[in-house]
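From first to last, the protein sequence lines are chains Z and V.
Using my numbering, read the first sequence as starting at 1 and increasing by one per residue.
Using my numbering, read the second sequence as starting at 1 and increasing by one per residue.
Honestly, the hints are just simulated from the structure, not real lab data.
The reader is advised that the hints may include incorrect statements.
[Stated by the list, open to error] With a straight-line cut-off of 20 angstroms between C-alpha atoms, the simulated PhoX-like cross-links for lysine-lysine are:
#, chain 1, residue 1, chain 2, residue 2
1, Z, K477, V, K73
2, V, K3, Z, K477
3, V, K366, V, K190
4, Z, K824, Z, K1154
5, Z, K709, Z, K477
6, Z, K477, Z, K716
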Amino acid sequence: MTRRAQPQGLYDPQHEHDACGVAFVASIAGERSHSIVAQGIEALVNLGHRGACGCDPDTGDGAGILIQIPDAFMRRVAPVDLPPAGQYGVGMVFLPTDEHERAACERVVAQCCEDEGVRLLGWRDVPVNPEAIGWLAREGMPVIRQMFVGSIGLLGDTLERRLYVLRKVIEQRITEAGVDAEQLFYVCSLSARTIVYKGMLIADQIAPFYPDLTARDVVSSLALVHARFSTNVLPRWDIAQPFRYIAHNGEINTLRGNVNWMRARQSRFKSPMYGGDIAKLLPVIDEGGSDSAQFDNALELLALTGRNVEHAVMMMIPEAWHENTLMDAERRAFYEFHSSLLEPWDGPAAIAFTDGRVIGATLDRNGLRPARWLVTRDGLVVMASETGVLDIAPERILRKWRLEPGKLLLVDTVKGRILDDGETKSHLARQHPYAEWIRQGTIYLHELEDSEQIPEIDKGSLLIRQQMFGYTQEDLKFLLAPMISTGEEPVGSMGNDTPPAVLSDRPQPLFNYFKQLFAQVTNPPIDPIREQMVMSLVTTLGTGGNMLEQGPAQARRLEMPHPILTNHDLAKIRHVTQRAFPAATIHTTFHRSEGADGLQTALDRICRQASERIAEGYAILVLSDRTADAEHVPIPSLLATAAVHHHLVREATRTAVGLVLESGEPREVHHFALLIGYGAEAINPYLALESFHELDRRGLLPDGLHAEKAQAMYVKAVNKGLLKTISKMGISTIQSYCGAQIFEAIGIARDVVDRYFTGTASRIGGVGLDVIAREALARHADAYPENRIGEPVLDEGGNYQWRRHGEHHHWNPETIAKLQHAVKANDARWYREYAELANASSQQLKTLRGLFELAPRREPVPIEEVEPAESIMRRFATGAMSLGSISTEAHETLAIAMNRIGGKSNTGEGGEDERRYERDANGDWRRSAIKQVASARFGVTINYLVNADELQIKIAQGAKPGEGGQLPGHKVDEYIARLRHSTPGVGLISPPPHHDIYSIEDLAQLIHDLKNANPRARISVKLVAEVGVGTVAAGVSKAHADHIVIAGYDGGTGASPLSSIKHAGIPWEIGLAETQQVLVLNDLRSRVVLQADGQMKTGRDVVIGALLGAEEFGFATSALVASGCIMMRVCHLNTCPVGIATQDPQLRAKYAGKADYVVNFMRFIAEDVREIMASLGFRRFDEMIGQVECLDVRSAVDHWKARGLDFSAILHRPEVDARVDVRKVIDQDHGLDKALDHELIALCEPALERGEPVQVDLPVRNGNRTVGGMLSGQIALRHGSAGLPPDTIRIGLSGSAGQSFGAWLARGVTLTLRGDANDYVGKGLSGGRIVVLPPAGTQFPPEENIIVGNVVLYGATSGEAFFRGLAGERFCVRNSGAHAVVEGVGDHGCEYMTGGVAVVLGSTGRNFAAGMSGGVAYVLDEYGTFAERCNHGMVELEGLEDDDADLLRSLVQRHADYTGSTVAERLLGDWDAALQRFVKVMPVDYKRVLLARRNVSLELVG
Amino acid sequence: MGKLGGFIEFHRKLPPRRPVDERVNDYREVYLPFPAEAVREQAARCMDCGIPFCHNGCPLGNLIPEWNDLVYKDDWEAAIARLHATNNFPEFTGRICPAPCEPACVLSINDDPVTIKQVEVSIVDRAWDEGWVQAHPPSHRTGRRVAVVGSGPAGLAAAQQLNRAGHWVTVYEKDDRIGGLLRYGIPDFKLEKWVVDRRLEQMSAEGVIFETNYDIGRDVTAEQLVQRFDAVVLCIGAMHPRDVAVPGRELDGVHFAMEYLPQQNKRVAGDLIPPSRAIHAAGKRVIILGGGDTGADCLGNVHREKCASVHQFEVLPPPPDERAADNPWPTWPVIMRTSTAHEEGGVRDYSIQTTAFSGRDGRVEKLHAIRVESRVVDGRPQFVPVDGSEFTIDCDLVLIAAGFLHPVREGLVADLGVELDPRGNVRTDVAMMSSVPGVFAAGDSRRGASLVVWAIAEGRQAARGVDEYLMGSTRLPESLRSIA
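Just chain Z, same shape as in the assembly (with noise of 0.2 angstroms):
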C-alpha cells in the first residue's frame, strides 16, 4: 500500500525507532485563528534541535502539522461547491508519483466511496515547494492531494465514522489492487474534522513547503505538531507525525503483543455504530507502520466505537495503579476493567492527542519524556517538550507546569475550558458502576479455599524427571540452591563463553535459542527494584469479551498476583473455579515409539483440541506434561506453549482462553520470561517445586528452610528475575509483556519460527522440528535407558563451570595455560599454540566465526609490506572494567599497557584518580584514554572529562544489557568511595538507564554535553548486539557519535544476573554486520568508527571483524588472562586468588600482572593479523573494513544442528553507489560553533587567563543548549579540578534555557538565569553555583509553578544550585556532592542520591529517596504527608539536629538572597517554627557509617 524500505540483509525497516519533539497549541475557548497555526508552526521550529537529519543535511526525518478544517479557506481554495461546515470530510493524501499508478489509485477510491455511499466531489493539488527540501526528501516525495468527499445527512462522529470505515475500505483495496511497492499511497488524514499536513521534511521546512499553511485564512483553534528524529532515513514520507490523532514522542515496547492481541481479539468486535461494517475495519492494526502509527490505529478504532478519545488514551496508557495506595477506589477500578479488555501499550511515550474538538497530552507511568505547558492570561495553552518554544511575556503567564506521570492534560475547545487530570478521570471513572462490573466478575484466585486435590509428590522418579526435562547438577547448584536461599535470582560473574545452542554439541533445552531483548537507547530499562511502583506481576485469567462495549460481562476473570502457580494454586483452578472457569487439560507430551516425526503430530493434535476444547465452552486451558514418562516424551514447553498461543490467535479465539501451563521443563527466570512472553498466563512448575521436596528429604536445604518455605522463596526469586527481565526492555507490567516476544532466536530454522513463533527474528535459520524432536529424545533417553549402568546421576552440565565432559569453554585449561605462558615469556609460539587452540574451538563449531571462512580475493602480499604491528595496535581497547570491579593493580596494569602501544584502555564506571593524569618517571602512563560514562555518573567531573582522549556513554554491557549494576558496601574502600564521590562502605547502585538518556534525542543531547565538555574527544556510544541494534547505531550515528562499539552478548562482567550473562544479547558477529550493513545503506558509515567487541581472543577474530564491517577491536577478558586470570568466576564474591577482580588488600598483594604480559599479548594479536592481511593481499588495514566478500561460509558445515544455518545475512553486501564510504572517513559536525558558550569564554577571557572577575549578561532561548559546558571545559584544563575562586565568572541570562543548562559547571563560576530552565540543569555539576528565578514582571505564585525541568543535578558532584519554584521528575538524581534548594519537587525526587543535600522547600511527588544510600535530604513537610510520598526502602526520616538545623538555616538564607524566595523569606521569618516542619531524610547505611567515624574521631580525640 504504501512505499516502503524493504528488508535486505540483516536490515529490517521493522525495527526503525523515533522519538522527537511534539507541541501542541491551542485556544481555551476554542477561538479560530491562523495565529494558533503559526505559533504551532514556530513552536516545531523551536522544537528543531529534537529532530535529526541524516546523511542529507538538508532531509528531515519529517515534521508536521494537524489542525481543524479550515472551512473558509477550502470553501476558497476547492476545485468544487462544498457542503455547509461539518457536512463534508477533506482526505490529505501522498499517492504514487507514476501517472497511471495514480490513476489507478484514484479509480479506486472513487469506487469505493460509490461503494460506502459517500460521494467524492473531487481532488486538489496541493501546492507545494520542492525546492525548500532536501534532495533525499525530493527522491521519495508523492503526488500530494486533497480529496474532498460528501454524504448527506451524515454528521459529527456519524460522518467521522462513515469517513472511518471509508478509509479502512480504501487502504484494503489499495492493497488488493497491488500498487507498485516503490510507490506510495498513503492517507495522512481523512476527516471532516482535522487535516495534516506533514513529510520527510526539517521542522523549519514545513511552512515553505506547504504555502497552504501560511494562507491567513487557514485558521484553527488548535495546532499539534511533531518533529521527528529517527533511527532510519530511507525515504518515508508516511511515518512522519502527527497521525490522525496522536503525536508521540517515545516507543512502544509491547507492540508485537499489543498487535496479536488486538488481532486475536478483533473477531469479537461487534459494534451497534458499525453493524456490518466491522469487518470492514479489520485488520485494526496496519502492521506495516511504526509503533506511533500503530498506536494511532488502535486509538482511532477505541475513540470511534463509543468512548472517547480521552477515555480511549486512558485506556491504552494507563498510570500505574496497582501499587499505588494513593489513588482514590473509583479510578483503581477504572482501570482495574480496563486491564481486563486491553493490555497496556506500555513503553515511554508522551502522546498528545486531538479528536479535532478536545486536545490534550498524556504521560506514561514512568514519565520519562518531557512535556511542559503554560496557560496564559488570554487563554492560550502551549504544551511542548521543552519550555520556551514560544516567546510569551511574563506577565500574560497565568500558570506554567509540566506533564507529570500517568497524568493527562486535556483542553476542551468546544466546552471552552482547561481539564486537568483529576477532573477528566473523576469524570470518566464515574461513568459506569465499574467497582461493581469487578465484584460480579473477578475472581481472586488467592481468596478461595484449596481444593483436596492435589497431585502427589512422586519421589521415586524424581531424578529421572529431571533427566527427563534435561536438569544438570549445575542447575540445582547454580539456579534453584541460591534461589530458595536469597529468595533473588542467581548472580554469576565473566563472560559467556560456551557456544551458541545451536552450534553445542550437547542436546539443548529449547529456551537456549533464544535470547532476550533489551531496551538501548531509544527506550529506557526500568529499575524494578527502586520503581517497583510503576511495576505489576499480575496476571489474569479470563474470556476477553467485546472490547467495544462496556459492562460486567467485561470484568469475568480470574486474577492472581502472579504468573507463577504452586500445585495448590493451579488444583484451584481445575477444580474450585470450575464452574465460572471451567478448565481443560491438553497433555503435551509424544510417545517415543513415533520418533521424531512424533512430534509434529502431537502438536497438530494440541491445537486440534484447543480448538475443540474453546468450542465446547472451556474457559481454561492447562497444557501440561505431567503424564510424560518411561513412554510418553515430553513435547518442550515452550514449543507447546507458542503453537496453541500462535494457533488461537491465528483462529482469532485467543482471546477466548486463558492458557496456563503445567511442566515439568521451566526451572530458571528465562524460562518462565520465554513462556509468559510466548503466551503462557500462568505456569506451574511442578517439578522444580519438587525438587525442593527431595532436598528436605535429604536434609540439604539451607538452615531454617522447610519444602514449603523453600517453594515460596523460588516462586519470590522467580518473580523477582520476571520483574528484572520485563524492565530490561522497559515494560512494566507482565499483562503488556505476555505474548510480546521479547526475544530473538539464534538457530532455529525460519519454518519454525513462521508457524509457532511467528513474527520472531530469526536470522541465520537454524535448526528445524526434526532436530528439536531429537534433542526432546535424547534428553528422554537419558532417563530411560535401554541399559541403565548403576545410578542414575544428573548430567554434570558444565555450562557455568568447566568440566571436561561437560559443555565446551573457549576459554579452557589448554587456552589459558598457553596464553598465560606466552604473554609471560613473550614466546610466540607459545602464541602460536593457543591461537590454534583459540581458533580450533571456533572452527569446531563453536562460535560463528567459526563457520566463516576466510576467501582471499587478492593476491597475497610479502607480509614485509603490511602496515607494522604499531599501527594495528592502536586500534585496540581494552574494556570498561571499573576499578572497583577490579582491583588498582590490574587497573594500571592495563592503563600502563594500552598507553605503551598507543591503545586506549578504559576507566570502566568508577571515575579515575587524578594522579593517574600526570605521567610516571620512566614515561609510562596510568591514565586511561577512555572515559566511560555510565548511568550513576560516579566521578564524572569536568576534569575528569578533559582529561580524556575518548568520552565512552555506556548505553549496556554485553553480559547483562538493559541492566544496572551495583557496588556492595565491603568493595566501596577509602579510595574506590574517594573517586566515587561517595562514602566507604555504602553500598553503589548504577540504576538501569542513565536519567539523561530515554530516547534518542536525549543520546543526541548527551553526545552534545560531553563534546562540549571536552570538543577533542570522540564521543563513543556502546551498544550490546540484539536484533535491530544496526538501527539503533544509525540513530546514534545522526546523534553525532564519532564511535560506536557492538559489543557481543559474551562480553565480561564483575556480577550479573547468570540469566542475563547466558541469555540476554547476541553474538558480536551478527550486531556487527547488521550496524554495518545499516550504516552503509543509509549513508551514515562514513562518519562513524565502529569497535566490536566480546571474547576477541586472537588475530583471525580481528580480521572478521574487520571485515565484517569494524575498525577498531577491544579486549577485556583476554586482556585480564593475560594479566593472570584464571576465569575463577568470583569477581562478585571479592575472592579473586590472583589479586585481580577483588579489593581485599591480602588478596590484591598476590597480583602478578604486569604491563609487559599485556603488551606482549596485544603485539601477538597484531603480527597475527599482519600474517593473515598477507594471506588477504591487504597492505592497510583500512583497505579491509568491510570487505565481506573475503569471507566465506565453510563449506563442511557438517554438524548434526549447524547443518541448517543460513549466514548470507550476516554475509550480504549493501548494493549503494560507489561514493557510500564503508568505513570512517569524515568528521561528525557536532554544531558546536553554534554553542553559545564561544561567546562566553571569549568574555570571561579575562578570567580565564589571569582569574579577574567578569560578569556578563546575555539572552537565552531553548536552542541554547549546555550553557557553561564548553567554558567549564576551558576551566579545569588550565586549573584543574580546583577550578576558579568562587564568584570570578558571573553570568547572567535571561529566557528559556535549553536542556543541560550548566551542565559540569566548573568552579568559579555562578550562572544566574531569570527565566526557565529545561531538563538536566546542572548535569554533573563540578563546583559552579546554579541560580533559576522568575523573571521580573511575573505575575503567577513561582512557588506554584515549575521552573526546572526532569533530571536535575543528575550525577552533580559539587556546586550549589537554588531553584525558585519547582522542579520536575527525578529532582538530584545520583547526586553525590552538590547542595540544592528547590521549592517542589516530582516523583523519585534524589534517587540513587549518595552525597550532597537537598533542600525542598515544598511537595514532592512520589517515591523520593528510592536507592538514596547517601547525602541528605530535608523537605518541609506542611501536610505531615511526605512520609507517605517517600520510599523507605534506604532511607529513615528524623527530625533535625542542631548540625542540621544550621546547614539549613545557612541554605535556606542563601536561597533568599539569591532568588528573593518569598517561601525562603516566610521561613526564615519565624524560623524556629519552621524548623519543626521540615522533615530530615537519613539513608540508614549512611547513617551507621557516619555514627562509626565519628565514634572513631571522637576515640582519636579522647
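Please build the complex by placing chain V on the supplied structure of chain Z, with the hints as guidance.
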C-alpha cells in the same frame, strides 16, 4: 563450593607421618590417620574454580571441586558417589598417585594447593568403613564375554566397567595373585594389600571372574582366547625394563628393580622365597640406579631390610627446587621431590652415568661411574662425560630402576599379531582397539609405563570402546580427554 574465602583462612596441612625410626621396622603404611574435621578444613580451601585446573590435571577427570565441597558440607556419602563416578579405585590413587591435580590446583599459582589426594583417600576409606561401598552387579546381562588379560589397575578398571555394562568378564593373571603392579610392584608401606583385596572381593561379588597363574600362550593359545571371547582387552603392562648395558652387568648382585621388589611383597604376604632366588639388602651396601618412583620404592625397601648403606644415582642433573620458566603452572612441575623413602635415609646423587660394574667371584663389588653434563649436541640433548670425574664406589647390591620400555613382545603380543607403535607399545585407534578386531589394549601396554591413575583411566576408556564395539553404542562414561 568449599568455604568462601576458606583458602585465606586455612593453610595446607597433611596428616603426620610415623617416625622414621618406627616405620623402617615394619611394612605398614607411613601416614597416620587424619581426623575427619581436619579433612573438612582442608576441603574448605577449595575455591570451586570456574575452571578447575585440578580436574583437568587429573587423568581421570576426577570431579575434585564437587567432592571437596561435599566433604566440607559433611556429606561423605554423596562425596564417594561423585568420586566413584570417575574413579573405580580411589583407595589406590588416594595412596600412591603423585597427584598431578595438586600442582594444577589454582592455589598452586601463589599458595599451597588443596590436599586433594588426602581428601580423596579420606572419602574412600570412610566409605569402606561405613559400608557404603557395596557390590553393584549389573541389572541385566548382555550375554557377551570379554577377556581382560592382566590384573593391574588398567585391567581391573576395564573389568569392573565392562561387568557393570552387563558383559561377562574374565580377568587372566599370570602371577599367583591378582593385582599386577598394585600387588607386586608397590611396596606395602605405600599400599597395604588388604586394600587391594577388599576391592577384589567387591568385583567378585559383582560377577567378575578372576583366573590366576594363567599364562596365555601356555594355558590357552592366543587364538583360542580370541575365539572364546567376544572381545579381549590387553592390560599387560610395560614390563620390559630399560637396562644399564655396561661391562659387568652380568655380575651377581646386579638386578632389575622388578626382580627385587615383588619378593618383599610376597614375604609380607607370608610367602616363603627360596633362598636361592632371594634378593635381600640386609647388611649390604646398596646402589640404586634411577631416581624415579621405582627407585624410591627400592630405597624404602632396602631401609626396611636394614641395608648397611644406600646410594641412589640419577643420570639427569638435580631438578630445581622451584618451577623452571619453561615449566609453568599448571603443567607437572619437574622439581626436587622428597618422598617418604628419602626421608628415611640414603644418599642421592645426580648427573652420574654408570660405566661398569666389577667384582670378584662373579659377585659385584664396585660400581664405576663418571659425572656427566647435559648439553645440546647437534640439536639433541646429550649427556657429555666430564673429564676426570671418574669414580668408583663399593657395593654389594645394585638395583636397576631405570624405567620400562614397552610391553613384553614375546608370547601373547606376538601371537596375537597386534601392530605396535614406534615405541613398541600396542597401537590402537581412538576406541582403543588394536589392529586386530575385537582386541583392545589399555594401560602401560598401550601408552608406555605410567601412573596408576593413567592406567585406571585407560582401562575405563577401553571398556567404553569395547562396549560400543559389542553393542553398537555405549552409556559407559568417557574418561580420557583425548587419546593420542
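Results for each hint:
no., hint, verdict
1, Z:K477 with V:K73, "holds (13 angstroms)"
2, V:K3 with Z:K477, "holds (15 angstroms)"
3, V:K366 with V:K190, "violated (31 angstroms)"
4, Z:K824 with Z:K1154, "holds (9 angstroms)"
5, Z:K709 with Z:K477, "holds (18 angstroms)"
6, Z:K477 with Z:K716, "holds (18 angstroms)"
This entry does not satisfy hint 3, going by the numbered hints stated previously; all others are met.
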